[in-house]
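Please build the complete structure, drawing on both the sequences and the hints.
Listed below are the residues making up each chain.
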Amino acid sequence: MTATSENLSMVETPGVAWRKQIRFALIGALSTAFIALAGMPVGLDGRSIIQPVLSMGFLSLLWVPFVLATIAGSEVVLEGMTARTRDSKDLLAGGIVGLGSAGGLVLLMVLIQNFNLRDPLVNWSPQLLNLLSFNRSLAVGGLLWVLLGLILGVFGGAMHVLPKKLCSRIRTVVLSVFAVSVLETFLTDLLEGFRLEVLTDFVYYKRGGLEVGGALLVAALALLIPLLVGTRIRDVKKQVVDLPAEERKRVNLMLLAVSAALLLVLPFFLGKIANELLANVGLFVLLALGLNVVVGLAGILDLGYVAFFAVGGYTTAVLTSPNSPGFSPELPWPIALIVVVVLTGIVGLFIGAPVIRMRGDYLAIVTLGFGEIIRLLFLSDWLSGWFGGAQGITNIPGVDVGIGTVKGTDPRSVFLLVLVFCAIAIYVSWRLENSRLGRAWMAIREDEDVAEAMGVNTTNTKLMAFVVGAVLASFSGAIFSAKVGSIFPTSFLMLVSIIILVVVIVGGMGNIAGVIVGALVLIGVLGGPKQPGLLQEFSQFKLLIYGALLVWMMLKRPEGLVPNVRRTRELHQDEFLQDAWLKGEIDTGDQEELS
Amino acid sequence: MLQITDLSVTFGGLHALKNLQFEVDEGEIVSVIGPNGAGKTTFFNMISGMVTPTAGDIVFEGESLLGLDPSQVTERGIARTFQNVRLFANMTILENVMVAQHCRTDQRVFGALFQTKAFKAEEDAIRKYGEEVLSFFGSRLVGYRLDQPASVLSYANRRRLEIARAMATRPRLLLLDEPVAGMNPRESAELTELIGRLRSEWGFTIVMIEHDMSVVRDVSDRVVVLDHGETIAQGPYSQVANDPKVIEAYLGRPVGSEQTDEEVRP
Amino acid sequence: MHLGGLRCNSTTVTLGTDVATTHDAKRTSRVLWVDRFLTFIRIAFVVVIAVGLFAFIAQQIDPQNPLARWLNPDATGLTAPQFKGLLVTGLAQGAMYGLIALGYSMVYGVLGFINFAHGEVFMAGAMSGMITSNKLADAGLWEDAFLFCLAFVVITSILISTAVAVIMERIAYRPLRGAPRLIPLITSIGVSFFLQNVSVVLLGPGAKSYPSLPTWLSQKRSLLGFEIEGTKLVVLLTAAVSMAGLWFLVERTKTGKAMRAVAEDKEIAALMGIDVNRTIVTTFAVGGAMAGVAGILWGILFRSVIHTTGFLPGIKAFSAAVVGGIGNLGGAMAGGLSLGAAEATAPLVLLEPLGVDGVSQLRDAVAFAVLIFVLLVRPSGLFGERLSEDDRA
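Protein sequence lines correspond, in order, to chains A, B and C. First residue of the first sequence: 1, per our numbering; consecutive thereafter. First residue of the second sequence: 1, per our numbering; consecutive thereafter. First residue of the third sequence: 1, per our numbering; consecutive thereafter.
No lab work stands behind these hints: they were computed from the structure. Worth double-checking, as some hints may not be accurate.
Claimed, not checked - Cβ pair distances, simulated, as ranges:
no. : chain 1 : residue 1 : chain 2 : residue 2 : range
1   : A       : VAL241    : C       : LEU159    : 57 to 67 Å
2   : B       : GLY13     : C       : ASP35     : 27 to 37 Å
3   : C       : ASP35     : A       : PRO325    : 56 to 66 Å
4   : A       : THR172    : C       : LYS257    : 54 to 64 Å
5   : A       : TYR427    : B       : ASN19     : 29 to 39 Å
6   : A       : THR490    : B       : GLN83     : 53 to 63 Å
Predicted, not measured: the structure shown is a model, and the values here were computed from it. For each residue, glycine too, the CB sits at the ideal point set by N, CA and C.
Below is the structure:
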């Protein structure tokens, strides 16, 4: 059967997959009901996004029909097929998903009114019902939700019907308004630092959230700025890429210097809260950079990473605090730091040596075991003569850096100190990645047996990764100790290791920029294990979101938000090869003659 | 150079190798042939340290290789390629041959962090030597290709890169596991010539597993035939090719046996 | 010699390119310091255990012996009833670890990765048991028709934990079927985290209790010279019955045969006409059911459950599976029992004679130490692994 070039028809992808829409409608129903019963609408209602109109509580429900309808409408276009032309059927499909999501909520409302399941389900309350009914009757509330669901669902489906450019503009506008609202604390602080309170008064409502006017202003800016400067920026980028390597390096260096200068100056324009937030984020960036070396570069899943954080913190405490039981030399922090590095390195070797030869998953569990053992030892009565047991060690002095003292009561100084160490960590990661050691790590990640056969001593190389990661974590621990002024075993739960892992993976495994972005977005906005982020209301829900995010990322985008080109290739090997083949980058034939 | 005495290994109930004797002198090219399942790749795995023998000894340049890790074996001067090409697919072509020089270089964390002169010099040397090794294969693996991931290479180029990578470890002895498998006749002929040049220009001693008899005939000094884990014949190609034991191993029936076709058919 | 056009003298070889002479080798075969260090650790472990046992025995014979006076001045010997009590407690807990370990072992045998979230399946069983038993208690049935209630609670618990396990597989693990081993492991960590917090947000963060058990159940009985509480007896019996049921399923039924085949080699099993997907779902379901039973038993024994209930027992159960030999079901139960017994007795038998105070806090540390010790000394476990070809290290 031959296909001549004239009648080679492209197969069109089939029409709307109704079954899929119904499935998503059900998922939507379950999601909204779950979110409501989890307490998010009530718990987050306090934070307003756009003052009278939209609160975070309602947003936590409203995203469901919209996003699910968009996802349900996305279709994978296989090679050799053309994308189906979208029409009103897609809007209908989106509407179905939206209706389903709303339906779940309405059903829940009816159930709450008629039954009392308060006993197991703590959020099953009249308060929830009132909120969901918009403080009106059940019937009116239900109707409103059905309408909202329908509209948002149709809108979600429309994302596939409208031209791509329009969709991306809508996305930009929505995300910008949301971002400006969420970053309120930070932005008001910053603008106050520049004495631009008049701006904040206009944009933000006194008690939180954007004013309608402010929201409109942000939306307008989000529309206009890309229009005006979008092409300019693209041209400049192209110019830079086309520069010869030497020049490009200089441009990059300049950009780096400028950003560094900005970062150094930033804390002086921010208030206490913002600085505290940034300092916390910085500590986690440091931890994440260390774990990035272990997990991202060498491919070792260390679930007991918090142990090194603990060793760094406790060693600093013991060496610097006058209240340290047992042994209290009261060394100055920088000297203690040297001891910390050496000691943590030794502990790293001690823990690493047994585990380094194990299979990847066993290694994960055993390191977790070690992490727990170390925490239990710090907590135990047996060693409380050294580490204070459950009471910990208090009265840890700050860091005397000559021109001042860095201590927890002055978050600005803490942030600057953290910044310095983050810079060190970034430098170390970067240099090591592009060295003989970094190549060896890459090879081990690719194929450990073959790496060994090519002369790489995998044992020592992996241990090196372990030790480097441990030392970076210990830096964070040392700063943490001095910042908080006291240290307790409860700061070192396995929870911390998992959160750092989430940050590394969500941000981008193996990728320095990704890890920083991950920490900023997750720890900065949602908060760390014990520290609140920008959105304090999320404290009860942040762990839930971290878990869901980790699963989502591993399923859909394991290379992270800011992917490392190489990693993306690794994780999507088949798609990459197919693309390369299509673009003609794969060499198929052998046109060479030997010289 | 390499002396193997009474080498045996058993997997469960299967005697993969039985009292194998094998010797290679410096500068030789020896081919190891035999039907599938004869134990040839297991043989290579044992020399390179990936499998531990249950009995026997492997002596390389006067020292035993038993108990060494694969990376130590490579450091001693033995490199190998793999039957099913196992490149570092997501690393660039140049990086593949750079990482292979790991055991010949020694800059560590200190050098990398402080960008010492020694570190930079070594990186340059590694890069240069990598390009030198790659240029052995003509202009296929050089130029713009250097920074492309190894996964985009064609099959034949992958096999070549595999060999280049082994060369980059600066071995004395090169173990090639089916170097021309899957190549077309023109590519095989070219690689055969290259194998000869590996010995004459680069000074490697080569032991090669191969099924393609024209390659074996054209380039080997000596052929060793394995079957069921034992050596059944040794010698120059012409002698081995006519050895009845060898023919029986491949074809399964002794040449000129009494059973005629009539008797086989009922 | 004339080889295909090249003239070659067999004794001298000319070098065309200036190849840098190969290394001045580090001649002798190095024993890596890592190996030396590991041997040292193994010996240290064995020495600690031996000295601890010795001190214990000495302490039993004479609480005031010189070693005890040096290390553990407040030593009081352990009486036989105390020891037996510890052992029984340990075995009861170990039986539960064993039931949970079965799930880990089966999933590892079939899919080759650790389902980190299996502990949360156990927790789901315990939680659902808590909810149903409290509802039954409110309805007044708990005391009167206890056995019926118990059966009901067990069945609902099994149903819910099985459902959780199956949904988990479908949503989080099936899409990752071909991925390198670490990816599903990380995903399972996310699932575990998520499920724990689902429990927090839906049911609240505090600990929740089971209704009290009828007295005839919780009183002590004498059995073979041991004084066992009824509850612990129930635990051990239920575990035994479940184990028997599982053995029957795996060894004697077609489904079990399919599970064994898929565990051995997925591809060949598919070629033999076995529906691999369905078998994997069944594996998860059976493992989940076992964990559900363990959840109820936990509830009966400890009568309290919180969202973190699944975390430690989950890890310890995995350790038990490794100790017994991963993939090996009998080994999983044996590993569980041994781990439980070790965890209960080691603090007082080994650590206290060595002078460690507050030993009961270190129980969990002991469990992890056992895992590390087994992996150092006999990584394939006490009874040997049963893994498919591609998973064997």
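Results for each hint:
| no. | hint | result |
| --- | --- | --- |
| 1 | A:VAL241 - C:LEU159: 57 to 67 Å | holds, 59 Å |
| 2 | B:GLY13 - C:ASP35: 27 to 37 Å | holds, 30 Å |
| 3 | C:ASP35 - A:PRO325: 56 to 66 Å | violated, 38 Å |
| 4 | A:THR172 - C:LYS257: 54 to 64 Å | holds, 58 Å |
| 5 | A:TYR427 - B:ASN19: 29 to 39 Å | violated, 57 Å |
| 6 | A:THR490 - B:GLN83: 53 to 63 Å | holds, 54 Å |
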